[in-house]
Amino acid sequence: MLIFLLRRLVQACFVMIIISIISFAIQDKLGDPVQQMVGMTVSPEERNQLRNELGLNDGFFSQYWRFAKGAIHGDLGTSYYYKEPALDVILNKLPATLELAFCAILIIIFVATPCGVLAAIKPRHLLSRLLMIVSSIGLSVPIFIVAILMVYVFSIELNMAPSFGRGQTTEIFGLWHSGLFTKDGLKHLLLPSLSLAIALMPIFVRLIRAEMMEVLQSEYIRFAWSKGLSAPRIYFKHALKNTMLPVITVGGIQAGTLVAYTILTETIFQWPGMGFLFMDAVNRVDTPLVSAYLIVVGGIFVITNTLVDLIYGLVNPTVRLASHGL
Amino acid sequence: MKIKVIIACCLALILWNKAAATTLRMAFDADPVSLDPHEQLSESTLQFSHLVFDPLLRWKQNGQFEPRLATKWQRLDAQTMRFYLRKDVTFSNGNTFSAKDVVYTIQRLKRSPDFRAMFDTIDSVSMVDEYTVDVHTTYTNPLLLNIMTYVFPLDKAFYQGHDEIIKYGETFASSNVSGTGPFILINRELGSRMELKRNPNYWDKDTVGNVDHIILTPIHADSTRLAALLSGDVDFIFPVSPIDMERTKKMPGIQLVTLPSTRILLLHMNQKRRVEFQDVRVRKAINLAINKPLIVEKILKGYATPAGQLSPDRFLGHINDLEPEYNVSKALDLMKQAGYEKGFRISMMAPNNRYMNDEKVAQAITAMLARINITVDLKTLPKAQYFKEFDNRSADMMMLGWQSDTMDSNNLFEFIIACADAKTGLGAYNASEYCQPSIDDDIRQANREMNPERRLRLLQQIEKTLDKDAAVVPLYWQSLIWAAKDNVKIQDIVNDQNYPHLGDLFIETP
Numbered sequence: 001m002l003i004f005l006l007r008r009l010v011q012a013c014f015v016m017i018i019i020s021i022i023s024f025a026i027q028d029k030l031g032d033p034v035q036q037m038v039g040m041t042v043s044p045e046e047r048n049q050l051r052n053e054l055g056l057n058d059g060f061f062s063q064y065w066r067f068a069k070g071a072i073h074g075d076l077g078t079s080y081y082y083k084e085p086a087l088d089v090i091l092n093k094l095p096a097t098l099e100l101a102f103c104a105i106l107i108i109i110f111v112a113t114p115c116g117v118l119a120a121i122k123p124r125h126l127l128s129r130l131l132m133i134v135s136s137i138g139l140s141v142p143i144f145i146v147a148i149l150m151v152y153v154f155s156i157e158l159n160m161a162p163s164f165g166r167g168q169t170t171e172i173f174g175l176w177h178s179g180l181f182t183k184d185g186l187k188h189l190l191l192p193s194l195s196l197a198i199a200l201m202p203i204f205v206r207l208i209r210a211e212m213m214e215v216l217q218s219e220y221i222r223f224a225w226s227k228g229l230s231a232p233r234i235y236f237k238h239a240l241k242n243t244m245l246p247v248i249t250v251g252g253i254q255a256g257t258l259v260a261y262t263i264l265t266e267t268i269f270q271w272p273g274m275g276f277l278f279m280d281a282v283n284r285v286d287t288p289l290v291s292a293y294l295i296v297v298g299g300i301f302v303i304t305n306t307l308v309d310l311i312y313g314l315v316n317p318t319v320r321l322a323s324h325g326l
Numbered sequence: 001m002k003i004k005v006i007i008a009c010c011l012a013l014i015l016w017n018k019a020a021a022t023t024l025r026m027a028f029d030a031d032p033v034s035l036d037p038h039e040q041l042s043e044s045t046l047q048f049s050h051l052v053f054d055p056l057l058r059w060k061q062n063g064q065f066e067p068r069l070a071t072k073w074q075r076l077d078a079q080t081m082r083f084y085l086r087k088d089v090t091f092s093n094g095n096t097f098s099a100k101d102v103v104y105t106i107q108r109l110k111r112s113p114d115f116r117a118m119f120d121t122i123d124s125v126s127m128v129d130e131y132t133v134d135v136h137t138t139y140t141n142p143l144l145l146n147i148m149t150y151v152f153p154l155d156k157a158f159y160q161g162h163d164e165i166i167k168y169g170e171t172f173a174s175s176n177v178s179g180t181g182p183f184i185l186i187n188r189e190l191g192s193r194m195e196l197k198r199n200p201n202y203w204d205k206d207t208v209g210n211v212d213h214i215i216l217t218p219i220h221a222d223s224t225r226l227a228a229l230l231s232g233d234v235d236f237i238f239p240v241s242p243i244d245m246e247r248t249k250k251m252p253g254i255q256l257v258t259l260p261s262t263r264i265l266l267l268h269m270n271q272k273r274r275v276e277f278q279d280v281r282v283r284k285a286i287n288l289a290i291n292k293p294l295i296v297e298k299i300l301k302g303y304a305t306p307a308g309q310l311s312p313d314r315f316l317g318h319i320n321d322l323e324p325e326y327n328v329s330k331a332l333d334l335m336k337q338a339g340y341e342k343g344f345r346i347s348m349m350a351p352n353n354r355y356m357n358d359e360k361v362a363q364a365i366t367a368m369l370a371r372i373n374i375t376v377d378l379k380t381l382p383k384a385q386y387f388k389e390f391d392n393r394s395a396d397m398m399m400l401g402w403q404s405d406t407m408d409s410n411n412l413f414e415f416i417i418a419c420a421d422a423k424t425g426l427g428a429y430n431a432s433e434y435c436q437p438s439i440d441d442d443i444r445q446a447n448r449e450m451n452p453e454r455r456l457r458l459l460q461q462i463e464k465t466l467d468k469d470a471a472v473v474p475l476y477w478q479s480l481i482w483a484a485k486d487n488v489k490i491q492d493i494v495n496d497q498n499y500p501h502l503g504d505l506f507i508e509t510p
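Each protein sequence line maps, in turn, to chains F and D.
According to this note's numbering, the stretch in the first sequence is residues 1 to 326, in order.
According to this note's numbering, the stretch in the second sequence is residues 1 to 510, in order.
Hints were generated in silico from the structure; no laboratory data involved.
Computed from a prediction, not measured in an experiment: that's the story for all the values here.
It is possible that some hints are incorrect.
The list that follows gives simulated cross-link-like pairs (lysine to aspartate or glutamate, EDC-like), each with its CA atoms no further than 20 Å apart [said to hold, decoys possible]:
(1) Lys485(D) - Asp504(D)
(2) Lys110(D) - Asp280(F)
(3) Lys272(D) - Asp377(D)
(4) Lys83(F) - Asp504(D)
(5) Lys110(D) - Glu46(F)
(6) Lys383(D) - Asp280(F)
(7) Lys423(D) - Glu46(F)
(8) Lys388(D) - Asp280(F)
(9) Lys83(F) - Glu170(D)
(10) Lys383(D) - Asp75(F)
(11) Lys197(D) - Glu508(D)
(12) Lys87(D) - Asp134(D)
(13) Lys87(D) - Glu130(D)
(14) Lys336(D) - Glu325(D)
Input sequences plus hints: build the corresponding full structure.
Rendered as structure tokens:
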């Protein structure tokens, strides 16, 4: 276990270094940060002077070296727009994104699992067929269409939920502004988390169905039937547990998709989280913030995948992490 | 007894509700990057300045000046103007406003990299008495009043000593504010929210404005901004994208307000990159081949004015009979005369999120130029990347929009068509690389000419030369489009510079 975690740490460092190099290499393509800071009428000469002051005229390697030296001390640069350390800016926006992702994951777990199981147990049932049709539509419709449609139906036409923002938040332990504890905050969470969940749900419904159907054909389930075990016990104790293994793996990989989708969802709903921050940073050529975001998200990936591997071991004790070379 | 208390409480609650603050929730596409009004010369900074500060004078909708912190002004001699200041004004922290603040502010403006170009013309400011200042210019300047609309007096006692202007770091002025304006900032979360309340001691007691509380949310996505208005989450938005216009107009309870702006959209034809563009006949042909009224009608849904010159009709240099001309056969003829009957291939770049429907306009132009056998390789980019390419002059043809800061033609000429000079910044946006020394002379003269008649002739002279040389392709002047709920009377407070005077905004309570 310890060896596994150590290995992961070393891997994580490599991943971070590579991400930081890539994010540095693309900076040049994002645009000119100085142009964002000055008015249209500032002369080219003054712009150049500002560029010098910011060290933007230095070569790639000296800029990267400066960044790397800071990064070792936990300083990922200062955001041009927020004028604060980029890491602080991101961590400030992290709670909003985590809450959104958390709610979406809850919806996925509590909706996708029963749906998938139902579709597997009663494949010919009308409801199952409907579920399959809906999920294949869900897979093929892009998230921003779903989100815009939901805004149109639920906020403009029915006036049931607000169309943007996070609403009222309360402070928890002085470090976390949460929208989960006020009615207004929950109302604001509804549409964004629902559209995020809808984007990811179909794949899980289909995956759970397929895996479960396969498990139900296996020897030990048939044995359980012949032994006369009750149906719920077979389905939920024996079959579902083994179904979940591949689902967890896919879930870990989908964490990446989740991050990508938060960027879209947050942009559409003006959700003040990390994804929205990232889109803004790209538009404003806030390169330190862009690099810092990519590194933080890289870190989140490594952590979720490590967690997934650990959970894997818990669900199926036969999987031995260290010997798997993971 | 108990019941009486409850009734009294209910009554109090009802009364309190009646007197409850009128709140304006607005969503614009950007919020100010800094609380320092001198840090960046941008639309959102100036919008903010009009909320928390007051200018000495400001533009009215009809193009006249309206006295604000200066009650009147008078020209003493060719290079000196005297401003008389309002006496009963205090800053939001209680300090009294007087001439020292004006002197201080103008001196600070002269230090600001963004405002310096405009304020270089002011040589010095002197205090005559506590409520009178004299502004001395280095040479005669016909646009002094236009420039003075950018003077929003700062509280000298509050800022002095820690008033450095830094673009990439936190400063005292970028996070603290003390102004005389109709509103006081209460809190701000950069990039997501700004909250202001009415200044209870505001000097202008005659205003009809009744907004007590403003919540400004920057919403970047057009569809989200509009949805926020339609769902009732906000009361006032800017801008509205042209594709949503029809739908918005039909919504009950929502009003659409538009004003023609002075922002000119144009195409540069780079004469250094392309030898073909050095031939005036080719440039003329391109001008003739682009059907500007059609672009305005079909792509911008009529929310623009087709242009045959750079100066909009509000500006002094505007010539009434310079109308855009569209004539493909004449264009083909000119191409033939120039020896390019078979046409040629050029590259073109345009932004895709800077101006109204910019990408679609560029595509339409590509199709129109194909009719005179010019094949255009079009590349559209987000504004952040585009303007970098623009500065590098990366394509043969480039799109640009320009709004004159001084509300005068000469500013257009100085930046768009004067010969490029990196030191002075003249011609910084001249991606045509067009250089006509006679125009530079006229620009210089117009900058100092005090006689309006002669100045008019000078500016019109430049427009005529540009037309004769077909130096650039003027396309259209874009309109500004705001939308609000019907009870928010925005039509009286918006203006063509897009600095809504929210202090005077009246909201009808239903």
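Evaluation of the provided hints:
1. Lys485(D) - Asp504(D): holds, 17 Å
2. Lys110(D) - Asp280(F): violated, 31 Å
3. Lys272(D) - Asp377(D): This hinted pair holds, its Cα atoms lying about 18 Å apart.
4. Lys83(F) - Asp504(D): violated, 33 Å
5. Lys110(D) - Glu46(F): holds, 14 Å
6. Lys383(D) - Asp280(F): This hinted pair holds, its Cα atoms lying about 13 Å apart.
7. Lys423(D) - Glu46(F): Measuring from Cα to Cα gives roughly 8 Å; hence the hint holds.
8. Lys388(D) - Asp280(F): holds, 18 Å
9. Lys83(F) - Glu170(D): holds, 6 Å
10. Lys383(D) - Asp75(F): With Cα atoms ~29 Å apart, Lys383(D) and Asp75(F) exceed 20 Å; violated.
11. Lys197(D) - Glu508(D): OK: Lys197(D) and Glu508(D) at ~18 Å, within 20 Å.
12. Lys87(D) - Asp134(D): holds, 17 Å
13. Lys87(D) - Glu130(D): At roughly 9 Å apart (the allowed maximum being 20 Å), Glu130(D) and Lys87(D) satisfy the hint.
14. Lys336(D) - Glu325(D): holds, 19 Å
In terms of the numbered hints stated before, the structure departs from hints 2, 4, 10, listed from lowest to highest.
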